[in-house]
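**Q** Chains as they are written, first to last, in the numbering used here: chain A, 1 to 481; chain B, 1 to 87.
Hint data in this document are derived by calculation from the structure and do not stem from the laboratory.
Backbone N, C-alpha and C fix where the C-beta goes; we use that ideal spot for every residue, glycine too.
Hints should not be assumed to be uniformly reliable.
[Claimed, not checked] Pairwise CB distance ranges (calculated): (1) Pro43(B) to Asn129(A): 38 to 48 Å; (2) Asp62(B) to Phe36(A): 33 to 43 Å; (3) Gly226(A) to Glu72(B): 42 to 52 Å.
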Amino acid sequence: MDKNNQAAHLKKEILIKTIKAFLSDDFGENTRLIPFEMRPKGYEVPYRCCIYKEREILRNRIIASLGFSMEGADERILLSNYAKWATEREKPDEHTLTVLESACKGCVPNRIFVTDLCQGCVARPCLENCKFGAISIVNGKSQIDSSKCKNCTKCIQVCPYHAIVKIVVPCENACPVDAISKDEQGHARIDFDKCIACGKCVSSCPFGAIHEKSQIIDILYKIKQGKKVVAMIAPSIAGQLPCSIYQLKTAFLKCGFYDVLEVAQGADITATNEAKEFHERMNEGQPFMTTSCCAGYNNLVDKHLNEIAPFRSDTKTPMYYSAEICREKYPDAVSVFVSPCMAKKTEAMNNPNVDYVMNYEEMGAMFVAHKIELSELEPSSFDSEASREGRNFGITGGVAKSVEIADNGNSEVKPHLVNGINKESIRALKGFAKKGQCEFGNLIEVMCCEGGCVGGNDCLNNVRTATKAINEFTKDSKPIV
Amino acid sequence: MAKVKVKMCMGTTCFVMGASDLQELMDIIPSKYGDDVEIQGVPCLDLCSTSSEAKAPYVMVDLTVVSKATVESVLEEIERKLKNGQE
Chain A
1 MDKNNQAAHL KKEILIKTIK AFLSDDFGEN TRLIPFEMRP KGYEVPYRCC
51 IYKEREILRN RIIASLGFSM EGADERILLS NYAKWATERE KPDEHTLTVL
101 ESACKGCVPN RIFVTDLCQG CVARPCLENC KFGAISIVNG KSQIDSSKCK
151 NCTKCIQVCP YHAIVKIVVP CENACPVDAI SKDEQGHARI DFDKCIACGK
201 CVSSCPFGAI HEKSQIIDIL YKIKQGKKVV AMIAPSIAGQ LPCSIYQLKT
251 AFLKCGFYDV LEVAQGADIT ATNEAKEFHE RMNEGQPFMT TSCCAGYNNL
301 VDKHLNEIAP FRSDTKTPMY YSAEICREKY PDAVSVFVSP CMAKKTEAMN
351 NPNVDYVMNY EEMGAMFVAH KIELSELEPS SFDSEASREG RNFGITGGVA
401 KSVEIADNGN SEVKPHLVNG INKESIRALK GFAKKGQCEF GNLIEVMCCE
451 GGCVGGNDCL NNVRTATKAI NEFTKDSKPI V
Chain B
1 MAKVKVKMCM GTTCFVMGAS DLQELMDIIP SKYGDDVEIQ GVPCLDLCST
51 SSEAKAPYVM VDLTVVSKAT VESVLEEIER KLKNGQE
């Protein structure tokens with residue numbers, strides 16, 4: 001679904017209000033009042049059956065923004081209590097997603113359906129072409145027997161009136177690994193053993209029923225306590241807001257962060273190490289190597305695609321190296337990775353050097369709540385500047401290119417780009433692993449999101465303008481070698 | 001005929017709440033209307049503080065405020081202004 005939609009708008013509004021409440025003098029009470037402020041007495045009921053349901057769903061969204069799960073939550077508990085608990089926990093929850101049953105439509109299951117547009121024609125191509133005998137004519141119109149239908153969509157293709165449609169459950173349809181499905185009541189449930197945290201279900205649900213559990217309050221609370229909190233900003237950030245990364249640094253400092261580090265610096269180390277590793281692997285006669293910087297892809301390999309693991313680079317991610325740099329520079333600091341996607345939250349969970357992850361939506365909401373006008377800020381400089389290649393990591397093709405340039409002509413690099421993880425690309429990757437070769441190239445760059453990290457589920461800007469902005473910014477950066 | 005002037009708010013709030021998607025207008029408007037319509041990205045119009053971030057992003061078409069602006073709603077308002085200008 002396009003990012004420009006009212007469900008996404010609503011989620012960002014909730015984040016801004018929650019952060020504003022945190023920054024106010026009474027976090028608990030002001031959080032409790034958010035649903036009433038957003039839907040005061042007599043207010044129009046824009047989406048749901050009544051104002052009470054509207055408020056209840058807003059309340060659920062706030063609970064997710066405070067970092068809690070809605071699964072098994074007790075509806076009798078006040079929002080003010082959740083707000084209090086958010087500042088008391090030591091570590092964020094393990095699972096990154098939660099389904100709001102109250103917001104979930106309980107969509108009708110995936111199926112092929114004959115609409116009223118069926119003209120009951122003489123030709124009956126649907127009936128003639130169904131290999132499974134699922135179509136019969138009832139009262140002069142086509143009807144599908146769902147117990148026989150195999151969802152092959154042949155009838156859809158042959159109907160001259162476009163009268164047959166495929167009904168999809170958007171979240172199930174978007175999930176590349178079948179990790180989301182309906183429970184007995186028809187509501188979506190996530191199987192976290194299968195989930196790769198790609199965030200595609202979050203972006204696809206038209207009811208905005210799937211929420212990322214935010215760690216923003218944990219982060220802001222650490223700042224409030226006077227801890228040194230350091231932001232590590234991912235390379236894709238350069239195209240996200242109407243300002244430079246130098247102004248962004250100023251904005252973070254104004255919000256109380258102690259320092260800001262460019263993760264593109266870590267990307268430089270990834271590129272250099274990966275180029276060395278690639279050269280070694282090719283010398284050993286390996287057929288191909290895949291990149292290893294995308295957290296969504298790494299989750300996919302670990303949970304569903306073990307066969308490709310031997311071909312995956314052992315080089316660590318830019319976040320890993322940046323967090324190492326951060327720990328060394330500020331041993332007592334709280335480190336926060338600022339991320340375009342949710343998958344990085346799962347990676348951070350397994351990295352003791354990363355304490356929290358803040359996504360771009362949360363970052364944007366934080367700037368709004370702090371009333372920061374980005375374009376008016378003075379720039380702040382970084383202690384060290386990353387390379388052009390490192391800064392291009394977040395764009396599809398950027399990682400492969402950086403490895404190729406860092407390799408500096410030592411090996412014959414033929415990049416092949418997997419631009420987005422979906423059922424087809426998973427099948428293709430499985431094929432490469434099984435055959436032990438890839439006919440399209442020897443360096444396979446895998447990006448979970450289309451367009452690269454700039455297409456991440458938590459990005460603020462659209463892929464096209466973000467890519468343009470990054471290219472504009474990096475063209476004057478120093479080369480990696 | 002006077003030019004229709006479009007001011008697209010590029011303030012933090014509007015950008016976060018969706019003005020990022022309005023940047024397309026920078027390309028669409030000159031190619032569609034040529035010299036009849038002028039568009040510029042402007043710093044915060046200060047509508048978010050008087051109204052609310054819930055209604056952002058804001059775009060001004062002459063003196064009309066388009067709230068929760070989309071590419072379509074801005075183009076619609078421009079059409080209305082051009083039509084009125086002709087009468």
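**Q** Determine which of the earlier numbered hints do not hold for this structure and return their numbers in increasing order.
**A** 1
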